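A.B. asks: Order-wise, the sequence lines are chains V and C. 1 is the number of the first residue of the first sequence in this note's numbering; add one for each residue after it. 1 is the number of the first residue of the second sequence in this note's numbering; add one for each residue after it.
FYI, nobody ran anything at the bench for these hints, they're computed from the structure. As the structure is a prediction and not an experimental result, all values here were calculated from the model. Glycine included, every Cβ here is placed at the ideal spot set by N, Cα and C. Treat each hint with caution, since some may be false.
As the list claims (entries may be wrong) - Just a few of them, taken from the derived set where beta-carbon distance is under 10 Å, the chain C residues facing chain V:
no. : residue
1   : 63
2   : 85
3   : 180
4   : 194
As the list claims (entries may be wrong) - Covered stretches of chain C, going by a simulated chain V footprint (3 or more residues, C-beta under 8 Å):
no. : segment
5   : 51-62
6   : 111-125
7   : 148-159
8   : 172-179
As the list claims (entries may be wrong) - Calculated cross-link-like contacts (lysine to any residue; reagent style SDA-like; alpha-carbon spacing at most 20 Å):
no. : chain 1 : residue 1 : chain 2 : residue 2
9   : V       : 225       : V       : 107
10  : V       : 201       : C       : 185
11  : C       : 131       : C       : 117
12  : V       : 201       : C       : 26
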Amino acid sequence: MKAVLGRTLSGRTAMLALLVCAAAILLALGVAACGGDEQGAEEPQGLLAEIQERGYITNGVNPEFAPFEFVDESGDIVGFDIDLANELGKQLGVEVRTQDFAFDGLIPALAGRKVDMVFSALTITPERAKSVAFSDPYFEATLCVVVAADETEITGPDDLPGKKVGVQIGTTGDIVATEQMEGVEVARFQQLAAPFLELQKGGVDAVIIDTPYAELYIAKNPGFKIVGDKFNTEEYGVCVHLEDEDLLAAINDGLAEIKASGKYDEILAKWFGSE
Amino acid sequence: MIDWILFWDAAPYLVRGALATLYITALSTLLSMALGLLLAVARMSRRPWLRVPAIAYIDFMRGVPLLVLLLFIYFALPPTIGIDLSPFAAGIIGLGTCGAAYTAEIFRGGIMSVPHGQIEAAQSLGMGYWKTMRIVVLPQALRVSVPALTNEWITLLKDSSLVSVIGMEELVRRGQFVISRTFDAFTPLLLVALIYLVLTYGSSFILNRLEKRLSYD
Numbered sequence: 001m002k003a004v005l006g007r008t009l010s011g012r013t014a015m016l017a018l019l020v021c022a023a024a025i026l027l028a029l030g031v032a033a034c035g036g037d038e039q040g041a042e043e044p045q046g047l048l049a050e051i052q053e054r055g056y057i058t059n060g061v062n063p064e065f066a067p068f069e070f071v072d073e074s075g076d077i078v079g080f081d082i083d084l085a086n087e088l089g090k091q092l093g094v095e096v097r098t099q100d101f102a103f104d105g106l107i108p109a110l111a112g113r114k115v116d117m118v119f120s121a122l123t124i125t126p127e128r129a130k131s132v133a134f135s136d137p138y139f140e141a142t143l144c145v146v147v148a149a150d151e152t153e154i155t156g157p158d159d160l161p162g163k164k165v166g167v168q169i170g171t172t173g174d175i176v177a178t179e180q181m182e183g184v185e186v187a188r189f190q191q192l193a194a195p196f197l198e199l200q201k202g203g204v205d206a207v208i209i210d211t212p213y214a215e216l217y218i219a220k221n222p223g224f225k226i227v228g229d230k231f232n233t234e235e236y237g238v239c240v241h242l243e244d245e246d247l248l249a250a251i252n253d254g255l256a257e258i259k260a261s262g263k264y265d266e267i268l269a270k271w272f273g274s275e
Numbered sequence: 001m002i003d004w005i006l007f008w009d010a011a012p013y014l015v016r017g018a019l020a021t022l023y024i025t026a027l028s029t030l031l032s033m034a035l036g037l038l039l040a041v042a043r044m045s046r047r048p049w050l051r052v053p054a055i056a057y058i059d060f061m062r063g064v065p066l067l068v069l070l071l072f073i074y075f076a077l078p079p080t081i082g083i084d085l086s087p088f089a090a091g092i093i094g095l096g097t098c099g100a101a102y103t104a105e106i107f108r109g110g111i112m113s114v115p116h117g118q119i120e121a122a123q124s125l126g127m128g129y130w131k132t133m134r135i136v137v138l139p140q141a142l143r144v145s146v147p148a149l150t151n152e153w154i155t156l157l158k159d160s161s162l163v164s165v166i167g168m169e170e171l172v173r174r175g176q177f178v179i180s181r182t183f184d185a186f187t188p189l190l191l192v193a194l195i196y197l198v199l200t201y202g203s204s205f206i207l208n209r210l211e212k213r214l215s216y217d
């Protein structure tokens with residue numbers, strides 16, 4: 001067997017070839033990186049003007065939260081928030097480009113100006129309002145407690161002290177369980193579906209999650225039930241960087257227009273059926 | 001337990017995600033080999049200004065978890081140095097620079113395995129350092145390193161799943177999307193695991209054939 005390396009490819013040629021490949025890769029990455037660097041170049045202009053100049057706005061979402069934002073069979077990101085965001089884009093006169101992030105990466109992405117806005121069913125909270133600017137509310141949601149279908153001890157949020165509760169990191173479920181409930185052991189997960197899986201195998205006693213998602217999940221997985229009243233009424237808002245007041249004003253105007261024109265009800269009916 | 005309809009329905013979507021996984025792995029491997037070779041040579045240099053940074057780099061990359069490195073490159077670095085990186089770019093840079101540390105040690109082992117007597121013989125024939133490296137040392141060193149390097153490929157193949165955390169749409173991320181869409185975790189995860197098995201077994205098979213061709217027999 002002829003040793004390929006020994007006869008045809010001397011060590012130096014191999015090294016040279018590898019170096020050329022590496023250089024090519026880094027160059028390509030550099031070009032790709034520079035292609036993305038279009039934000040924050042001229043601050044005095046304001047982000048809104050910049051967005052309108054370039055013709056598109058980037059929207060960060062975590063597409064794992066049906067029916068607000070999720071990936072459908074053909075691989076496109078769709079959902080209630082996506083449709084609303086597209087309407088908003090029409091109001092602003094720009095295209096909307098959606099980018100995927102892990103949920104706890106959304107606010108860092110906004111703060112690092114990787115995206116212009118985050119339109120991803122984020123509940124308006126005072127803590128988050130320290131890092132990002134929220135628009136006017138566009139949806140009212142509640143949290144609920146989900147348990148296994150054969151659970152008898154837990155009948156509502158008040159029975160949770162002393163139990164183990166699963167939540168998704170950084171969601172209002174996480175915040176409520178950690179800060180507002182006494183004596184609750186909180187298990188945090190990165191993925192939205194993970195607390196349910198943990199509940200299924202008995203690792204936690206209950207899950208605190210947004211009601212719309214819980215209802216959809218239970219419809220597909222009958223082994224669970226919602227107990228007690230829905231609580232912690234909260235409102236979702238669109239997030240922008242704290243500095244972008246002009247963009248925020250434009251988004252608020254856009255949202256108001258979408259509600260007034262009836263488009264909002266149309267989109268609501270599409271995703272939530274008849275309410 | 002397995003939703004067979006979903007299984008066959010989601011399979012093409014996930015397999016295309018696997019193509020992205022292969023692509024990321026290939027580019028990262030190329031980067032880590034090139035960088036690793038340079039690092040290995042620097043690491044073995046007698047000049048401290050080459051050797052010390054190389055050792056520091058290798059220790060750092062082997063000490064920091066790859067996940068932390070990827071999050072850092074994708075989220076923390078851009079605001080600091082002002083370049084925006086896509087998940088793809090951040091992923092390749094993270095995987096490549098981290099892999100380079102391991103590849104460097106593989107190459108170093110390979111180079112050190114060449115009997116020193118050969119280097120002395122080459123020098124007594126009047127060959128300079130680079131000529132010795134090029135004709136005597138590196139061809140043998142690279143051949144010896146091949147099994148470890150194929151292992152590095154398989155490692156990078158699996159490590160590439162981490163770029164799902166920074167939003168790169170590859171096999172694992174697509175699996176997560178299917179879970180979110182269908183509220184079924186078992187079937188998509190099973191499918192993802194199976195596809196990874198096909199990728200790793202397939203890689204092992206091909207790379208073992210390559211090893212045999214390069215062996216001393």
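A.B. asks: Could you check the structure against the hints above and give me the numbers of any it violates, in ascending order?
C.D. replies: Failing hints, ascending: 1, 4, 5, 6, 7, 9 and 12.
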